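Visitor: Sequence:
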Amino acid sequence: MKVRGPLIGLSLFMAIAIAVTWMVYATLRRDVAGPTTPYAAMFTDVYGLRIGDDVRMAGVRVGRVENIELAGKLAKVSFIVENDQHLYGNTVASVTYQNIIGQRYLGLSLGETGSRGMLSAGSVIPVQQTDPSFDVGRLLNGFEPLFTLLNPKDADDLTKGVLQSLQGDQASIPLLVQQTSTITRTLSARDQSLGDLISNLTKVTDTVAQQNDDLDHALDQTRSAVANFDARRPALQDSVGSIARVTRRLAAIADDVDPSLNQLITREPGFSKHLAGIEPQLAFTGDNLPLLLKGFARALSEGSYGNAYACDLNATGFFPGLNDITTFIVNAATPGNAYPITTKNMGWHTPRCRNMANG
1 MKVRGPLIGL SLFMAIAIAV TWMVYATLRR DVAGPTTPYA AMFTDVYGLR IGDDVRMAGV
61 RVGRVENIEL AGKLAKVSFI VENDQHLYGN TVASVTYQNI IGQRYLGLSL GETGSRGMLS
121 AGSVIPVQQT DPSFDVGRLL NGFEPLFTLL NPKDADDLTK GVLQSLQGDQ ASIPLLVQQT
181 STITRTLSAR DQSLGDLISN LTKVTDTVAQ QNDDLDHALD QTRSAVANFD ARRPALQDSV
241 GSIARVTRRL AAIADDVDPS LNQLITREPG FSKHLAGIEP QLAFTGDNLP LLLKGFARAL
301 SEGSYGNAYA CDLNATGFFP GLNDITTFIV NAATPGNAYP ITTKNMGWHT PRCRNMANG
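Heads up: the sequence shown at position 92 corresponds to 92 in UniProt numbering, and the numbers run straight through without jumps.
No lab work stands behind these hints, which were simulated from the structure alone. Every value quoted in this text rests on a predicted model; they were computed, and no experiment measured them.
Label-pair restraints from in silico Cβ distances: (1) 218 x 284: 56 to 64 Å; (2) 126 x 16: 46 to 54 Å; (3) 152 x 78: 47 to 55 Å; (4) 205 x 22: 49 to 57 Å.
Calculated pairs, EDC-like style, for lysine to aspartate or glutamate (alpha carbon to alpha carbon, straight line, at most 16 Å): (5) 73 x 45; (6) 76 x 45; (7) 76 x 66; (8) 76 x 131.
We put the CB at the ideal spot given by N, CA and C, even for glycine.
Start from the sequences and build out the full structure, keeping to the hints where you can.
Guide: This is the structure in structure tokens:
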């Protein structure tokens, strides 16, 4: 009898504990009642969406999110929907805010594009028919430039006035109105600046949008250049090593030449001082050098007024073995000589020298 009583109590406690635990588990799991049909959707961003979150149509819960995984550069969300709810080819899936603490749910609605046929079980909604998650924090951060225009003291006074008014302080209401008016005047004084800022941002956005193709092309070219550099990394590393070795050699040569060069520049009387001392002679030479070059050009150019022909100059006298060979070569290469070549008609001069010899 003594053992039976505690055993009954323990059994009741265990049964109640199991029932409560099951209720908590079922509440947290939020299972879908009845048979379900699986589907999936592709998103570019599912920030904030969790496994077990609701799937809703027109605000009514009709399913739950079963799995979230990465598929390439997109996020694939697998979910189930009650069998009596159907999805169509124009169904749009969106990640929507559920409450202020950041919970999301997967919303399903009918869009304007796509077929109106019913989707089969396991179908995947393409990314073109999904709306990604929206980060409210990013939106609030966009107002940061506006908040920086406010005077911190005025903002604190405004907050204090609101709190006092909510607490029933009647005297703080006129002060609250006055502070609100002050902040309004501050913002209105910056209206032109804010308008110019928005206009400039609009122009920048329009320009970037117009140059979208060029920007994509530039990014592709940059990516291709980086890929080529990466593919040629060993050759570039070897080149850098070669440049380093050449630099060290040039440095060694410079170290060897530096004393002599320094002595050439700094010694007395010195090369520079000598050039400075003969400045008139250098100037005279520079002025007359063009005339001298013109004279050489005139004497060496083609014409009958200054040419000289050394017809009887024989440079092979110092090499007797070349006499016969040179004669044959000159005779064969000179137009107007007799052919075939014999010892009697062998030519010794060019046509110019033969004409001069014949008068």
